[in-house]
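A.B. asks: One-letter residues, chain by chain:
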Amino acid sequence: MKIMTPYPADPLPISEKSTAYRIALSAALAALALIFSYIEVLIPFLPALPGVKLGIANLVIIIALYKLGFRYALIIDLIRIAAAGVLFTGAFATLYSLSGAVISLIVMYLLMKSRLFSVTGVSMAGGAAHNTGQLLAAALIVSTSKVFVYFSVLVISGVLCGAFIGVIAFLIMEKISFSSFSLYQ
Amino acid sequence: MFRKSDIILAAIILAVGIGASVFSAGGGAGEKVVITVDGKIFGTYELFEDRIVTIRRNGHINKVKIRDGEVSMAESDCPNQDCVHQGKISRPSQSIICLPNKVVVEIKGGKNEDYDSISR
Chain L
1 MKIMTPYPAD
11 PLPISEKSTA
21 YRIALSAALA
31 ALALIFSYIE
41 VLIPFLPALP
51 GVKLGIANLV
61 IIIALYKLGF
71 RYALIIDLIR
81 IAAAGVLFTG
91 AFATLYSLSG
101 AVISLIVMYL
111 LMKSRLFSVT
121 GVSMAGGAAH
131 NTGQLLAAAL
141 IVSTSKVFVY
151 FSVLVISGVL
161 CGAFIGVIAF
171 LIMEKISFSS
181 FSLYQ
Chain Y
1001 MFRKSDIILA
1011 AIILAVGIGA
1021 SVFSAGGGAG
1031 EKVVITVDGK
1041 IFGTYELFED
1051 RIVTIRRNGH
1061 INKVKIRDGE
1071 VSMAESDCPN
1081 QDCVHQGKIS
1091 RPSQSIICLP
1101 NKVVVEIKGG
1111 KNEDYDSISR
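First to last, the protein sequences are chains L and Y. Sequence positions in the first sequence follow the numbering used here and run 1 to 185. Sequence positions in the second sequence follow the numbering used here and run 1001 to 1120.
Excised from the complex, chain Y in its bound form:
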């Protein structure tokens, strides 16, 4: 049922697969972080450029952290702190929404929004 050569084959396939995956993961192609406040675009930032964006609008403060291709709400003065607790997002069409402060942080893909929508 199993031969030794089968197991070697499995190991080679897995190594090549994971290697290729890691290789292509580096250097993201044109994904942007779009921040909107109260429906208006506050700013657009590169997903793969580390920075902290401080948003001061309507007497509220939010800090969005972009790091290693992941985006999180580092700080917010909103009462429920849901946006801070939501954690990190990293893929196109994911978003963090701070409802009390009307801040929406969204990742937009370069060319394609999300290939999952047409594959199954």
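Bound conformation, chain L alone:
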């Protein structure tokens, strides 16, 4: 006879391949990405250069992209941007982030699928693409191409910060096992 206890000694066996598991994980990752966005608002990286950010939130997105796939990464990123927009960044910054994030994610997805580059290279291109997307949105909003004078600053910072985030993503994915639900190893 089996005695029922309110708390089972072992956690319930939920398959890591199940949709429920992935949705729960995505929610946790979205929350983490939101916190990273908030940290970035609190601590400006280089206040003298607007638009230059470390992009810590992108760390979560890259890992989600590699381990859960494009659709989950996109949803996590959209939730992060929407929540961050309502909570602390404001309407204009949300538009910039949105265009940056979508372009960045598409670029990172294509480069990841090409299998030519490591996480570092993918993240680097993602950083540069993110800043390019933001600048495109800025150029559309203020309807001038003059903002592209600032392009070199944003591309260089995007590559440097993206490489930094990529190295961290590489180390995290190496140390923490995601093998049971990974799609692209």
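These aren't lab readings, by the way, just hints derived from the structure by calculation. Ideal Cβ placement from N, Cα and C applies to all residues, glycine included. One thing to keep in mind: the hints can contain errors.
Pairwise CB distance ranges, derived in the manner of DEER restraints [as the list claims (entries may be wrong)]:
#1 Ile172(L) to Arg1051(Y): 43 to 53 Å
#2 Met1001(Y) to Lys113(L): 35 to 45 Å
#3 Asp1082(Y) to Ser114(L): 52 to 62 Å
#4 Leu49(L) to Lys1088(Y): 18 to 28 Å
#5 Ile1061(Y) to Phe92(L): 57 to 67 Å
#6 Gln1081(Y) to Leu171(L): 52 to 62 Å
#7 Phe1023(Y) to Leu78(L): 28 to 38 Å
#8 Ser1093(Y) to Ala24(L): 46 to 56 Å
#9 Gly1039(Y) to Leu110(L): 50 to 60 Å
Here are some chain L residues pointing at chain Y (derived, C-beta under 8 Å) [unchecked claim]:
#10 Gly121
#11 Ala125
#12 Val149
#13 Ser152
#14 Val159
#15 Val167
Dock chain Y against the given chain L, drawing on the hints supplied.
C.D. replies: Okay, now just chain Y, sitting in the frame of chain L:
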């Protein structure tokens, strides 16, 4: 952690980025240099047309140099010479002010004042 292809990718991105930046830097779109003396507009000049503007007002002389999209106070007969020492300005909403002679040199953007004010 790094692959050779990553470094090639970085080099390509940087080259394209800097190239596009240099390309768009040429031929400024409608930025003006506005000079006011004692609160009244003395004259408005194109930022990307090289010239030297000599301002003679109230017994004082100032010379403003506009060159390659940069503006500087070349000469002034004011006692402190702060305006001359300030150096060059080139972006919208920047200004050089010569307080003793009441001369204000300001760069005004074409359509937008300065996009930095709404981005972060």
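A.B. asks: So, against the hints stated earlier in the document, which numbers end up violated here?
C.D. replies: 1, 2 and 5
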